Amino acid sequence: MNLASLKNCRILVVEDEYLLADELRTELELMEASVIGPVGRLSQAMTLLTQTPDIDAAVLDVNLRGEMVFPFAQSLRERDVPILFVTGYDVSVMPAPFQSTPRCEKPVGVRLIAEKLVEVIGAR
Amino acid sequence: MRDAQTLQWLYLTPAFEEIYGFTRNEALEGDNFDKWLNLILEEDRGRVLEAVDRVRSGEHVTFDYRIRRPHDASVRWLRNTDFPITDGDGRIKLIGGVGHDLTELHETELRLQVLMEGIPQLVWRADNSGAWTWSSPQWTEFTGLTAEESKGDGWLKAFHPEDRDRAREAWAEAAETNKFEVEARIRHKAEQEYRWFQTRAAPVRNESGVIIEWLGTSTDIHQLHDLQARQQVLVAELQHRTRNLMAVVLSASDKTLQSSADLADFRLRFRTRLEALSRVQAVLSRLSEPDRVTFDQLLNSELEALGGVGNEIGAEGPSGIRLRSSTVQTLAMAIHELATNALKYGALSQPSAKLEIRWRLETEVEDDSPWLHIDWRETGVTMPADLSASIRGGHGRELIERALPYQLDAKTTFAFTPEGVHCTISLPVSNS
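So the sequence lines, in the order shown, correspond to chains A and B.
For the first sequence, the residue numbers in the working numbering are 1 to 124.
For the second sequence, the residue numbers in the working numbering are 1 to 432.
Note that these hints are calculated values from the structure, not bench results.
Bear in mind the structure is a predicted one, so any value in this text is a computation, not a measurement.
Glycine is no exception: its CB is placed at the ideal position from the N, C-alpha and C atoms.
Covered stretches of chain B (chain A as the covering partner; in silico rule of three or more C-beta atoms under 8 Å from a C-beta of chain A): (1) 241 to 248; (2) 251 to 262.
Here chain B is said to cover these stretches of chain A; the calculated rule only asks that three of the stretch's residues, wherever they fall, bring their Cβ under 8 Å from a Cβ of chain B: (3) 62 to 72; (4) 94 to 107.
If we strip away everything but chain B, and leave its shape as in the complex, we get (with noise of 0.2 Å):
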């Protein structure tokens, strides 16, 4: 309580002590007013001053206020609530005022001010309605839009126009879930892209649980959006090759079974071409995206599944010929057959045939495209007198003669000379 004329302190309350850190009677010493300014941080002092005039001229006035404490220099902040007191005349006499230390609230503030425009999230603070009444620098700095152009329902602006509803309709949901949450396309003034966010909000109650505000946060989730959407691609497509690739062994099996003489025939075969299936499964898998197979890794792979006929085998073309991946298991599974017929019937099953496989990459004149040719030939074979209707048709000749032209735009020969199986076929090839 001070003097509304001289502003002389008359009364201090004992809890002045804890908050200046020294007597009642050494404040109340002296001109106890310039004192008590001169505690008070220079760019709070005006503010002060003009609050004391209003309290002087009949208002209740609310002000905050810093002081540096006079034996340890720390700075506290203050709030008081000063009023007039006035005699029976009406006239102000003595100021009465009521003072709290805020400091750890404002320490609390701060901090949480620091973390609202720290963390690399968009933060904004909004009504019940939906209204922004807040947003920090980030939302900012990410949107072009500024703090005050946010306010209402401004902050739709930077809302993808196909996204703007869906955030209508999030808020009208919002009053009964008591929570916010929607995904929508916020714009990036610096990259002028729409960049995809999740945006959530709590609500914010008071003691008696009525909600007073929201505050919420918008992440980007761009990169994570585009995983997914890749994610979702893959899954599809290989859900498309496993079943075509169930339906290729379903069917194979059945033509297996057509050209077998007996059960034991057939568990040769059907396992001989699953094997090379698998062989070609595996090379393919272990690509990672822009790589291609070459037609040397793949022909390797079928002659090392023969096992220990190298010797017999002149394999001549350049490395590095790299395979449409479309082409992969219908080319494997060719020049499996060729290798397989070789080795019951042909050039690998006679200690003195040979088997020669040439290969060279051209480009086609009409087109400027790649096109692979390959010379499969086999010489010294004694062809049996009556070449069984199995080889003649079987199921090798039909997909070289066939089903390469028709899968891969192939062009192909397959005749039995003399000497043995003479096969050509040529295809495209990878462009890169």
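Here chain A stands alone, though its shape is the one from the complex (with noise of 0.2 Å):
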């Protein structure tokens, strides 16, 4: 797997961790991707999208403080923005549009996250 194909790819990062949220662009950014957000909130990456015309991936953590991501999830969808869920939810918790969206289960790391985000963007 050659993470370097992440270079200059725009990924949008949705994580309401802090901690977390914070580690995966410090990574991201060390290979080289171009990181949107992160953001921790739904409205938020609502209005990031609207601002943001070019997305090659998103990162999206299920459980926004409460809210499901899935509107958000759909909106992505609808601009065809390939999506990577990272949660820690059990894949009977998706629902049925989203049950085969590439995921990644929490705990994981930043690695396993970027080769997942390559196969995603190679897919589209």
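These two chains come separately, so use the hints to put the complex back together.
As structure tokens, this is what we get:
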């Protein structure tokens, strides 16, 4: 897996836990990806989406301070942005339209997230 | 055997004595038809006379009736099958009859009926195709459908439209599996709502093993259903929290490692952070659902963990300020970092220094929401000339300056004054 392929990719990060969001941002930037966000709230994510014309992929936490991220994921899907969920939830909790969307189960290392990101961007 | 004209008994079998409780000789004396009619309970007498008339006119008739035995006044259920006996010219001369004592059968049936109509379940009977032939009063009371309306596939009307196909399919399967089982919603007439029922039936077979009908019950499992749904939500929530917590621990260990001088340093810092995390998990898990952790609870638990430094601390503010559950963990970690830094380098490490923690609740003018303002001020601290990088840009500072605003919408300041650390944290708290 060539992680250099994340170079210059615009990755939107939505994660409400600061430590995880910051770690993801730091590591992705080390891989020379361009990080959009991170943001930790659904409303912020929506705003960011309307302001950002080009997004190559989105990393989404599922539960954002008690709000489920799925309406936002739907908006991304309508814009054809590949999604990678990073969540503590079991697949059974995912609603039907997102059951087969790629996901990493927490806790997960940034390296694995990066590898999956390369996959979802490549699959577009 | 009796005479078809006079209706007098001419002959009785020995079994008569056991059923009626007196001898055949006594029974045959006098106008024995009249005597017999008097043994029959009044409400059954008309039916018996009618049956006897039909036999006299040539029919075979089976009829049930009750008698009261003269010697002990006990009531017996009897079943007669009577038939006409003709002479060579085809005239009915005699009436033959076979009698059975059905009393025990009747009692069993009665008990069964009491059971079927008394248990807190909806009971019904159906033929092999799932067409109902009978339903209990409970069913009618619950659904508002009469037994007549429920016959055939009438019962389906009480089932939730989305569940009807499933019920039909269950009947199709029942033929193969020899059991009928379906979970479906049934409409409660009085409450005008659907409730979840477990509906089951078992086949009733005759002596040769052929299914003659099905006996079914519908049991209200609505509460159980609700509980299961709630439990699923809880399990998912627990999974979400635990895995997030593990992710936070992993990330914290990386961060601690980056700022540790050596392994011993790492061990101490990492340990105290984990302990603080554990304390806050313990506080959170002790809550019953509508409760909230209060700020003074959280502060006390962190200060107590420092052990024996209470005298140098002036803590002042209203008790009972309820924190939003989602903010508790991060706020606790911030307080923990402030407290351990004070213990290591700040107000709690120097006898002449002081730590003042003050807090107050204010209502935000803009949106009328309650905010907690915390002021953490250390005074009289002799600040080291070379504040090491780990304090200036340490984990605690990052938490306060960046994590709290990111995660809790908090407004924070953090400064090293000549007197010591001064930190302010303002964050929205629970409305209730």
